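*Asks:* In case you want the letters, here they are:
Number of protein chains: 2
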Amino acid sequence: MHFTSQQHLDDGVLEREFTLGEIPGILWTPASASAPVPLILFGQPPLGLRKMYPRLVARARHSAAEGFATATIELPGSGDRPRWPAAEQARADLRRAMDAGEPVSDEIIDALILPLVEKAVPEWQAALDALLSLPEIGGPVGYSGGVISVGIRLAVVEPRIVAASFFAGSFVPRAMFEEARQIAIPLHVLLQWDDEGNDRQAALDLFDAFNSKEKSLHANMGGHTGVPQFAGDAAAQFFTRHLK
Amino acid sequence: MHFTSQQHLDDGVLEREFTLGEIPGILWTPASASAPVPLILFGQPPLGLRKMYPRLVARARHSAAEGFATATIELPGSGDRPRWPAAEQARADLRRAMDAGEPVSDEIIDALILPLVEKAVPEWQAALDALLSLPEIGGPVGYSGGVISVGIRLAVVEPRIVAASFFAGSFVPRAMFEEARQIAIPLHVLLQWDDEGNDRQAALDLFDAFNSKEKSLHANMGGHTGVPQFAGDAAAQFFTRHLK
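Chains as they are written, first to last, in the numbering used here: chain A, 4 to 247; chain B, 4 to 247.
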């Protein structure tokens with residue numbers, strides 16, 4: 004992990020960009036912390052870090068004020084990271100199906116998501132190794148948002164993640180429902196009730212599949228990008244309950 | 004409205020029992036308030052005020068600390084209030100169906116709930132008239148919990164109620180779904196995902212039917228009485244957002 008830039012934001016948050024091999028990432032830490040702090044990993048949608056930056060930094064400031072370090076890395080195939088032909092094909096197939104108003108087939112969803120999960124999860128684990136080796140970061144570790152299938156696999160294979168907040172707003176391969184049944188950590192699941200790109204019943208089925216004794220579904224009105232401010236506050240309270 | 008007793012609880016809450024005609028009720032106010040305060044009506048399940056008192060007073064203390072007055076009245080046919088034969092019959096039919104593991108028919112649900120709604124809602128409105136005439140209570144007014152069908156009808160007919168929190172945990176006559184479509188105030192709906200006495204799909208359909216632009220569904224694990232503490236905190240934050 005190499006830090007490539009750093010700046011102090013005006014509210015006492017230290018923002019550092021880094022690379023982990025070829026993967027760009029950002030780490031935010033509360034500059035005033037005197038002891039190692041818990042960490043929240045911000046999962047990514049496949050839109051690219053640069054596009055997501057304004058929302059990420061707002062959440063990072065909020066989390067730093069609560070005493071959390073936060074970090075994120077670019078997904079494979081997003082931002083400036085190299086695409087691979089099968090993913091480009093799957094994206095084109097998805098666009099074609101949606102433009103035609105057709106249901107998105109399981110084949111398209113599998114081709115779109117499963118390779119992304121396979122590639123991304125080991126990268127998140129490598130990032131976690133590097134982040135936890137920093138003296139200012141202790142634990143425990145939470146995972147928040149992004150492509151829900153990446154979060155599910157990561158929660159299954161990575162015992163250092165003790166609580167997770169998922170956004171039920173992306174296509175989920177059927178195979179991931181089996182993995183969801185293996186998750187027993189506390190979960191906080193956001194659902195936009197009228198999400199135009201999401202199958203509500205599938206999201207409810209997925210919530211039902213998680214094996215966690217503590218899991219909460221927070222459904223709110225509005226489309227995919229219309230998550231209300233108070234829903235973000237509730238997710239923050241979830242992490243404060245479980246990581247402090 | 005006649006106050007029949009009053010006591011100061013140890014955390015600066017004034018608790019007053021009252022009768023409104025034949026109906027017993029309780030009012031809690033923050034003793035330190037210097038200006039009229041908003042009011043939250045605590046809806047009742049049909050278990051009797053005396054049985055519910057420990058949970059009610061805990062919520063009342065919490066609300067008073069946030070600057071709210073809270074009040075409740077006994078439902079018709081509950082506690083020491085007179086039963087009526089049709090309701091007794093409906094309760095017996097319900098018990099028989101549940102003991103036999105049979106689905107509870109629409110006829111039983113209608114007989115159980117609709118007369119209760121018809122009787123209870125005008126009483127809540129009369130209580131609201133009396134409570135709002137007290138100098139220490141201003142507004143706005145919220146309604147929280149209890150038999151959800153009573154809350155739905157009250158929200159439809161009573162414009163002084165500006166926000167409501169419902170517990171999707173009781174039988175709902177089909178006719179109430181039509182009334183739900185007339186509700187446009189902000190709603191906060193609690194659902195216990197594994198509620199043994201509740202049809203989960205019906206609860207989701209009811210949530211979908213509300214016409215409110217702001218409505219949130221908070222689903223948590225556990226049975227009917229297993230609502231976690233943090234779910235109560237989230238409902239309290241909902242009222243703070245809308246009544247302050």
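Hints are not guaranteed to be accurate.
[To be verified] Each computed DMTMM-like pair below joins lysine to aspartate or glutamate, with the alpha-carbon atoms no more than 25 angstroms apart: (1) Lys122/A with Asp109/A; (2) Lys216/B with Asp197/A; (3) Lys216/A with Asp236/B; (4) Lys216/B with Glu181/B; (5) Lys122/A with Glu91/A; (6) Lys216/A with Asp197/B; (7) Lys247/A with Glu20/B; (8) Lys247/B with Glu182/A; (9) Lys216/A with Glu182/A; (10) Lys122/B with Asp197/B; (11) Lys54/B with Glu217/B; (12) Lys247/B with Glu181/B; (13) Lys216/A with Asp202/B; (14) Lys54/A with Asp236/A; (15) Lys216/B with Glu91/A; (16) Lys216/B with Glu182/A; (17) Lys216/B with Asp109/A; (18) Lys216/A with Glu20/B.
[As the list claims (entries may be wrong)] Here are some of the chain A residues that sit facing chain B, going by a computed Cβ distance under 10 angstroms: (19) Glu18; (20) Trp87; (21) Arg163; (22) Ile188; (23) Val192; (24) Arg203; (25) Ala205; (26) Lys216; (27) Leu220; (28) His221; (29) Asn223; (30) Met224; (31) Gly225; (32) Gln240.
What the hints contain is simulated information worked out from the structure, not anything from laboratory work.
Predicted model only: the values in this text are computed from it and were never measured.
Glycine residues also receive a C-beta, built at the ideal position from the N, C-alpha and C atoms.
*Asks:* Can you confirm whether the C-alpha distance between Lys122/A and Glu91/A stays at or below 25 angstroms?
*Replies:* With a Cα-Cα distance of about 15 angstroms, the restraint between Lys122/A and Glu91/A holds, given a limit of 25 angstroms.
*Asks:* Taking 25 angstroms as the top limit, are the C-alpha atoms of Lys216/A and Glu20/B close enough?
*Replies:* Not OK: Lys216/A and Glu20/B at ~39 angstroms, beyond 25 angstroms, violated.
*Asks:* Does the nearest C-beta of chain B fall within a distance shorter than 10 angstroms of the C-beta of Asn223/A?
*Replies:* 5 angstroms, holds
*Asks:* Please work out if Lys216/B and Asp197/A have their alpha carbons no farther apart than 25 angstroms.
*Replies:* Distance ~11 angstroms between Lys216/B and Asp197/A Cα, so the pair holds.
*Asks:* Does Lys216/A pass the interface check with chain B, least Cβ-Cβ distance below 10 angstroms?
*Replies:* 6 angstroms, holds
*Asks:* Should the interface hint for Met224/A be scored as holding, given a Cβ-Cβ cut-off of 10 angstroms against chain B?
*Replies:* 6 angstroms, holds
*Asks:* Please work out if Lys216/B and Glu182/A have their alpha carbons no farther apart than 25 angstroms.
*Replies:* 35 angstroms, violated
*Asks:* Please verify that hint: Trp87/A, Cβ, nearest Cβ of chain B, below 10 angstroms or not.
*Replies:* Constraint on Trp87/A not satisfied, violated at 38 angstroms.
*Asks:* Would the hint linking Lys247/A and Glu20/B be met if the CA-CA limit is 25 angstroms?
*Replies:* Status violated; Cα separation ~41 angstroms.
*Asks:* Is Lys216/A close enough to Glu182/A, meaning Cα to Cα at most 25 angstroms?
*Replies:* 16 angstroms, holds
*Asks:* Taking the least C-beta to C-beta distance, is Ala205/A closer than 10 angstroms to chain B?
*Replies:* With Cβ-Cβ at 13 angstroms, over 10 angstroms, it is violated.
*Asks:* Regarding the pair Lys54/B and Glu217/B, is the alpha-carbon distance no greater than 25 angstroms?
*Replies:* 33 angstroms, violated
Hints 7, 8, 10, 11, 12, 15, 16, 17, 18, 19, 20, 21, 22, 25 from the earlier list are contradicted by this structure; the remaining hints agree with it.
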